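As a plain string of letters, each chain reads:
2 protein chains.
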Amino acid sequence: MKHNFSAGPCILPREVIERAASAVLDFNESGLSLIEISHRSKDFVAVMDKAQSLALKLLGLENKGYKALFLQGGASLQFAMVPMNLFQRSAAYLDTGTWSTKAIEEAKRMGTTHVMATSADQGYRYIPEGFDLPQGIDYVHYTSNNTIYGTQMARFPKTDAPLVCDMSSDIFSRQLDFEQFDLIYAGAQKNMGPAGATLVVVKESILKKEKGSLPAMLDYQAHIKGESMYNTPSVFAVYVSMLTLDWLDRQGGIAQIEPKNREKGRVMYEAIDKSELFEGYAHAKDRSLMNATFNLNRPELTDRFNELLREAGIEGLAGHRSVGGYRASMYNALPLSSVQALTEVMGYLEQKG
Amino acid sequence: MKHNFSAGPCILPREVIERAASAVLDFNESGLSLIEISHRSKDFVAVMDKAQSLALKLLGLENKGYKALFLQGGASLQFAMVPMNLFQRSAAYLDTGTWSTKAIEEAKRMGTTHVMATSADQGYRYIPEGFDLPQGIDYVHYTSNNTIYGTQMARFPKTDAPLVCDMSSDIFSRQLDFEQFDLIYAGAQKNMGPAGATLVVVKESILKKEKGSLPAMLDYQAHIKGESMYNTPSVFAVYVSMLTLDWLDRQGGIAQIEPKNREKGRVMYEAIDKSELFEGYAHAKDRSLMNATFNLNRPELTDRFNELLREAGIEGLAGHRSVGGYRASMYNALPLSSVQALTEVMGYLEQKG
Chain X
14 MKHNFSAGPC
24 ILPREVIERA
34 ASAVLDFNES
44 GLSLIEISHR
54 SKDFVAVMDK
64 AQSLALKLLG
74 LENKGYKALF
84 LQGGASLQFA
94 MVPMNLFQRS
104 AAYLDTGTWS
114 TKAIEEAKRM
124 GTTHVMATSA
134 DQGYRYIPEG
144 FDLPQGIDYV
154 HYTSNNTIYG
164 TQMARFPKTD
174 APLVCDMSSD
184 IFSRQLDFEQ
194 FDLIYAGAQK
204 NMGPAGATLV
214 VVKESILKKE
224 KGSLPAMLDY
234 QAHIKGESMY
244 NTPSVFAVYV
254 SMLTLDWLDR
264 QGGIAQIEPK
274 NREKGRVMYE
284 AIDKSELFEG
294 YAHAKDRSLM
304 NATFNLNRPE
314 LTDRFNELLR
324 EAGIEGLAGH
334 RSVGGYRASM
344 YNALPLSSVQ
354 ALTEVMGYLE
364 QKG
Chain H
14 MKHNFSAGPC
24 ILPREVIERA
34 ASAVLDFNES
44 GLSLIEISHR
54 SKDFVAVMDK
64 AQSLALKLLG
74 LENKGYKALF
84 LQGGASLQFA
94 MVPMNLFQRS
104 AAYLDTGTWS
114 TKAIEEAKRM
124 GTTHVMATSA
134 DQGYRYIPEG
144 FDLPQGIDYV
154 HYTSNNTIYG
164 TQMARFPKTD
174 APLVCDMSSD
184 IFSRQLDFEQ
194 FDLIYAGAQK
204 NMGPAGATLV
214 VVKESILKKE
224 KGSLPAMLDY
234 QAHIKGESMY
244 NTPSVFAVYV
254 SMLTLDWLDR
264 QGGIAQIEPK
274 NREKGRVMYE
284 AIDKSELFEG
294 YAHAKDRSLM
304 NATFNLNRPE
314 LTDRFNELLR
324 EAGIEGLAGH
334 RSVGGYRASM
344 YNALPLSSVQ
354 ALTEVMGYLE
364 QKG
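Residue numbers (the numbering used here), protein chains in the order written: chain X, 14 to 366; chain H, 14 to 366.
Worth flagging that the hints you see were computed from the coordinates, not collected in a lab. Remember, predicted model here, so these are calculated numbers, not experimental data. Incorrect hints may appear among the rest.
The list treats identical chains as interchangeable, and a pair is accepted whether it falls inside one copy or across any two copies.
As the list claims (entries may be wrong) - Straight-line C-alpha distance at most 27 Å; calculated DSS-like pairs for lysine-lysine:
hint : residue 1 : residue 2
1    : 298       : 216
2    : 222       : 121
3    : 55        : 15
4    : 273       : 221
5    : 15        : 80
6    : 224       : 15
7    : 273       : 238
8    : 365       : 80
9    : 121       : 287
10   : 80        : 222
11   : 121       : 221
12   : 55        : 115
13   : 287       : 77
14   : 238       : 287
15   : 287       : 80
16   : 77        : 115
17   : 121       : 224
18   : 63        : 216
19   : 224       : 238
20   : 221       : 287
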């Protein structure tokens, strides 16, 4: 039994893994593999439709003018597609770390990009607050959760401009008023599925560029028109995303998974805070329920800690290469028992050394 | 037992399907699924490295200044990326059907795009020949195989400009002097793997744009620098592509698969030509070994033919929705016995009606 704390791609529900493997061998008792049939076959079109409608249902955005698209290229391609599709003159971004910074770099190619605030001064340990929101802009952009630093936004200040949010690492993990957002995007490989699919949920009314003015693959309107099949989609990744969203729906949706995530976070941060050995990286007020980042105060115990982790079957705890230390990623599919296994090792190290 | 003639996504070797399913359950005996580990883990980096080196090896392009990249977005995104990366002033395209036409549309956004010739006048049943190649252009673009119409290029006229080829539907199926090309791209979902990965093989010396002048995800130089991991790649699709390339390599590579493809094509086209009931769509001289397109001359037999196909377990034979009729796709993994099963049904229909 492994405890999988990987930051992404990351743990998925075991029943999803098993159903995915089974579909690779024989999809829907067709005698053919999921990965060797036409994406325009009736069976796969049903998968795509279900994935789209589950995404909207779970976010509470059905029949509210939003479309759900399963695209390719990850959040990184969205960093470019968002400004391509929404820029007229200027946009405003909040810089909360590496992924925000990359999104800002791409926006700067397209036009005037205001950085409303940044927490770079303290290694992105906190979420800036009280910043000014410029008026007369095309959109405001946030990154809701910062995997590398372990911070998460609680509030999303907005203007009258469309609100765009990169939710790659915390979508479907907590209730929010999702209607406050006009465009949400997320790489699948955290709470939604395997790498290779990107969810884009967009309010159609904000897409005002002339149709056909962008390269088709970079144009949300072309993907909407093609019902997320403008070209061959990433079949396997969409299928496994559908299975994962269906699993979440059967758990009772976000309303039921959020308290579980809060309990995992409580146990994890309590262990960090009561320990003399470990220290949290992010400011307590902005801590993420998805990624707990921390350091070991006594470097001479590093080898011993790593050995204990290995013995306990704990995987994927290394911090991002840019900040080091440790990172416990606690996505939807991670059971509380895995967090307890980790906090037990931390407690043991503190007592026995 | 199904005979899978799907045009793509399409049949893959059974051992590849089985190994893929097994890795979804437990990858390399790690106790974790392939789809829930970091793409930067040692085991997956080895997969990416092997996929890249196998692609170059099979094409005979090792140590010749080429890089192999596994990107996302399919050939459709390459239609835009090729001009973005290579355009300075003008380019020349040959129009051999729908996919060429889409590539031309994207190029026209970037600059002067010469269409050297088109076979639209006869529904793309043939490959134009004897056309003029403009001089002083940035690149020449071909589509080597046209799945929809069942035509395939035998020769690739070139100038002193870089030669670009969309080989989505016939890469790894026949020996060519691949060194004549400076950039080859191919969606994985025919001879290489499942949907969700796109192979780009590019000669580095043709990339002359200033580094960082394009959105990173659309910049071949950024992907080369990131060793095809600028961002999270499509892990499952890359893994299955690696397995398929490894399977081909163990078969003896393209040199050994080509005669098998020729034999399948011979049997298929002989059945079409000797029959009064069926008629080939493409001109005989330009017929594709990958996709044989044909029509049934007596429409009143359509239901009977479809019934016989169903009884024989023959799948995926419908022609593309834009041309109708039938299309037998005979990619590398399709056994000769499947072609024989189809030609038997065709012969039976002719004799018994």
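Okay, the hints, checked on the actual structure:
1. In this assembly of identical chains, the alpha carbons of residue 298 and residue 216 never lie at most 27 Å apart, being 31 Å within a copy and 50 Å across copies at closest.
2. In the homo-oligomer, the alpha carbons of residue 222 and residue 121 lie at most 27 Å apart both inside one protomer (19 Å) and across protomers (19 Å), since each shortest distance falls under that limit.
3. Within a single copy, residue 55 and residue 15 get their C-alpha atoms only as close as 37 Å, which misses the 27 Å cut-off; across copies the closest is 17 Å, which meets it.
4. In this assembly of identical chains, the alpha carbons of residue 273 and residue 221 never lie at most 27 Å apart, being 40 Å within a copy and 52 Å across copies at closest.
5. Proximity of residue 15 to residue 80 under the C-alpha cut-off of 27 Å is found in neither arrangement, the shortest distances being 37 Å within a copy and 37 Å between copies.
6. In this assembly of identical chains, the alpha carbons of residue 224 and residue 15 never lie at most 27 Å apart, being 49 Å within a copy and 42 Å across copies at closest.
7. Taking CA atoms no more than 27 Å apart as the test, residue 273 paired with residue 238 passes in neither setting, with 38 Å inside one copy and 41 Å between copies.
8. In this homomeric assembly, residue 365 and residue 80 never come within 27 Å of each other (Cα to Cα): the closest approach is 55 Å inside a single copy and 51 Å across copies.
9. Taking CA atoms no more than 27 Å apart as the test, residue 121 paired with residue 287 passes in neither setting, with 44 Å inside one copy and 63 Å between copies.
10. Taking CA atoms no more than 27 Å apart as the test, residue 80 paired with residue 222 passes inside one copy only; the shortest distance there is 17 Å, against 36 Å between copies.
11. In this homomeric assembly, residue 121 and residue 221 come within 27 Å of each other (Cα to Cα) both inside a single copy, at 20 Å, and across copies, at 22 Å.
12. In the homo-oligomer, the alpha carbons of residue 55 and residue 115 lie at most 27 Å apart only across protomers (25 Å), although the nearest pairing inside one protomer, at 39 Å, exceeds that limit.
13. Taking identical chains as interchangeable, the C-alpha atoms of residue 287 and residue 77 are never at most 27 Å apart, the minima being 45 Å within one chain and 59 Å between chains.
14. For the homomeric pair residue 238 and residue 287, neither the shortest alpha-carbon distance inside one copy (54 Å) nor that between copies (43 Å) is at most 27 Å.
15. With identical chains, the CA atoms of residue 287 and residue 80 are never at most 27 Å apart, being 45 Å at best within one copy and 51 Å at best between copies.
16. Proximity of residue 77 and residue 115 under a CA criterion of 27 Å is satisfied in neither setting, with 30 Å inside one chain copy and 33 Å between copies.
17. Taking the closest pair of Cα atoms, residue 121 and residue 224 come within 27 Å of each other both inside a single copy (23 Å) and across two copies (16 Å).
18. Within a single copy, residue 63 and residue 216 get their C-alpha atoms as close as 19 Å, which meets the 27 Å cut-off; across copies the closest is 42 Å, which misses it.
19. When the C-alpha separation of residue 224 and residue 238 is checked against a cutoff of 27 Å, the pair qualifies only within one copy, where the shortest distance is 10 Å, while the shortest distance between copies is 34 Å.
20. In the homo-oligomer, the alpha carbons of residue 221 and residue 287 never lie at most 27 Å apart, since the shortest distance is 53 Å inside one protomer and 56 Å across protomers.
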